[in-house]
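Chemist: Quick note, the sequences are listed as chains A and B, same order. Each step along the first sequence adds one to the number in this note's numbering, with nothing skipped, and position 85 is 85. Going from the second sequence to this note's numbering is simple: count from 1 and add 1000.
Read the hints as simulated data drawn from the structure, not as lab findings. Keep in mind that a hint or two might mislead.
No farther apart than 20 Å at their CA atoms in a straight line, the calculated lysine to aspartate or glutamate pairs in the EDC-like style are these [as the list claims (entries may be wrong)]:
1. B/LYS1099 / A/GLU59
2. A/LYS41 / B/GLU1088
3. A/LYS41 / B/ASP1085
4. A/LYS64 / A/GLU87
Being a predicted model, the structure only gives us computed values, none of them experimental.
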Amino acid sequence: GAVVSQHPSWVICKSGTSVKIECRSLDFQATTMFWYRQFPKQSLMLMATSNEGSKATYEQGVEKDKFLINHASLTLSTLTVTSAHPEDSSFYICSASGGITGANVLTFGAGSRLTVL
Amino acid sequence: AQSVTQLGSHVSVSEGALVLLRCNYSSSVPPYLFWYVQYPNQGLQLLLKYTTGATLVKGINGFEAEFKKSETSFHLTKPSAHMSDAAEYFCAVTIGNEKLTFGTGTRLTIIP
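Please model the entire structure based on the sequences and the hints provided.
Modeler: Structure follows, in structure tokens:
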């Protein structure tokens, strides 16, 4: 149990286009999901907290209009990188709380690697 | 605010040798501490966690960690390294609100 699926696992797009990444909790309901960004050989930086049915809470320095987050259901959160540019290229990872792993334990997706040309 | 410091961005050990990955934390309230492992181009997998209770926690794949409040440490150990242990390891802390703060990671290399 407690599986989080991310799609796509990798995506290449042209500069100026928008890319949507999905994060699904497959076997549990996740009222809260988190989106992280990871640069090569660096740690994970929390971008935003996604709450089902309400607006996401963004961390300081993260552009809300650039990184649109929608948590429309208890099993799905989406991250849309709008008007992507090469500097947005990164590894994006989502996580969800809940499931059988217990309180305060997050289940992570496998990540989505975005390359903007 | 809480923070985590991982000493050593790269650690190399011989196969069969002891693995020791260091993690020190800073928190104004009792922390919850975690170790995660990340294989190339993959997400994070939980190795073990400390919330309350026993300070020595055992995790998957033979790893364990000990919470030492006096030293503000949560070092990860494994008695005998295996080739499959080669990966990136992250220590993380939270004060209970599920917003994890990660360390910068330690890349573990296993020498045959």
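Chemist: Are the hints correct? Go through all of them and say.
Modeler: How the hints compare with the structure:
With a C-alpha separation of about 11 Å, the suggested pairing of B/LYS1099 with A/GLU59 holds against the 20 Å cut-off. Of the pairs offered as hints, the one joining A/LYS41 and B/GLU1088 holds, with about 9 Å between alpha carbons and a cut-off of 20 Å not exceeded. With a C-alpha separation of about 17 Å, the suggested pair A/LYS41 and B/ASP1085 falls inside the 20 Å cut-off, and the hint holds. For the given pair, A/LYS64 sits about 16 Å from A/GLU87 by alpha-carbon distance, which is consistent with the 20 Å threshold.
Consistency with the previously given hints is maintained throughout, with no hint failing.
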